[in-house]
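Assemble the whole structure, with the sequences as input and the hints as a guide.
Quick note, the sequences are listed as chains U and A, same order.
Each number in our numbering comes from the position in the first sequence (counting from 1) with 33 added on.
Each number in our numbering comes from the position in the second sequence (counting from 1) with 33 added on.
Quick caveat, the hints were computed from the structure, so don't treat them as lab data.
Mixed in with the good hints, there may be bad ones.
Copies of the same chain are indistinguishable here, so a pair counts whether it falls within one copy or spans any two.
What the hints assert, rightly or not - With a cut-off of at most 20 Å between alpha-carbon atoms, the simulated SDA-like pairs for lysine to any residue come out as follows:
{"hint": "1", "residue 1": "Lys90", "residue 2": "Arg75"}
{"hint": "2", "residue 1": "Lys173", "residue 2": "Thr133"}
{"hint": "3", "residue 1": "Lys126", "residue 2": "Ala83"}
{"hint": "4", "residue 1": "Lys90", "residue 2": "Ala79"}
{"hint": "5", "residue 1": "Lys90", "residue 2": "Asp80"}
{"hint": "6", "residue 1": "Lys126", "residue 2": "Arg137"}
{"hint": "7", "residue 1": "Lys126", "residue 2": "Ala170"}
{"hint": "8", "residue 1": "Lys90", "residue 2": "Ile66"}
Number of protein chains: 2
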Amino acid sequence: MRLIAFGDSMVAGAGDPDHLGWVGRALADRREITLYNLGVRRETSADIAARWPPEAKVRLTDVEPMRIVFSFGANDCHLEGGHPRVAPAESLKNAHAMLTGAGRLCPVLLVGPPPVVDPGVCARLEGLNEHLRTLAARLKVPFIDVLRPLMADGLFQAEAAAWDGAHPGAGGYQRMADLVAAHPAWRAFTGLD
Amino acid sequence: MRLIAFGDSMVAGAGDPDHLGWVGRALADRREITLYNLGVRRETSADIAARWPPEAKVRLTDVEPMRIVFSFGANDCHLEGGHPRVAPAESLKNAHAMLTGAGRLCPVLLVGPPPVVDPGVCARLEGLNEHLRTLAARLKVPFIDVLRPLMADGLFQAEAAAWDGAHPGAGGYQRMADLVAAHPAWRAFTGLD
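Next comes the structure, spelled out in structure tokens:
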């Protein structure tokens, strides 16, 4: 199996001294899965929606099953000039385009946005997270919610606060990976169950 | 610093149960470096030469120093219909285009191709490796040779033979990472010395 992960710096694993991020950690010991980690720092849903088709195209193959995971949101919710970088309605339009477009190619899964330290961003993230959950349900795309558990996770929060306010270290990424890897949707998606 | 690694399945770390590959392992504990691993399985120098510019473009930033690493070769040297998938002169043309093109954007480094188990492919790889070394020297691009050491590495060879003839496991990738990480060119390139 080959799994492509599209998203932002959290997908890329920025700040992880082990260069795994939550995606690499959630695939630990799954040697039969080739991971293409295509997280890019600072990217919004609009950036990812524009970038994913050509980057997926050169990685798709018919010699093995393919999977595409998306995860984004925090950069949409950051303010720029007093407004979110991407308005909520636009975030959902972008998410809809990505999930339906990629869903035509192979099974797709959406991991909801992890939190940041800034409470204003987190308040907007909670709204976006709920909208993404509803959209995914409507599109019958599996959705893994990590926002509330990680907002309540002292290690994740402490590591992010100590680094740059957004990215945890090995421990926080492992906590997020544990949430994802234990989720029935992830297990089914990656062929475990 | 942000480091982009372009290459083939060995760059992607195919077969590594830890999903690090030699690139992730060579950057262990370098939390300040964000890794964008853009290895793609089966890609030749021609594929990578066509793909790297747009993929680099969306990842380049001026908020941090950038680095680009290339590593390829084995797929060029595999036979298809009795001929190498990419002829040696074409491989060198592609390498020249990548090293000079990327070199206009940021510091660039070339890691020579690691071996595969097939002795015919390895014989062609030895020729290509020497040509790449010469080209890199001419372009003043640092070059790290891993071919001979890994051909002589029993663990690397045994793991690759036991898996699919090309990709080692955690141990073999670690051996390659150790060669790269200890090289003065890598240390200077990643800002250690």
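Could you tell me which of the hints above the structure violates, numbers in ascending order?
none
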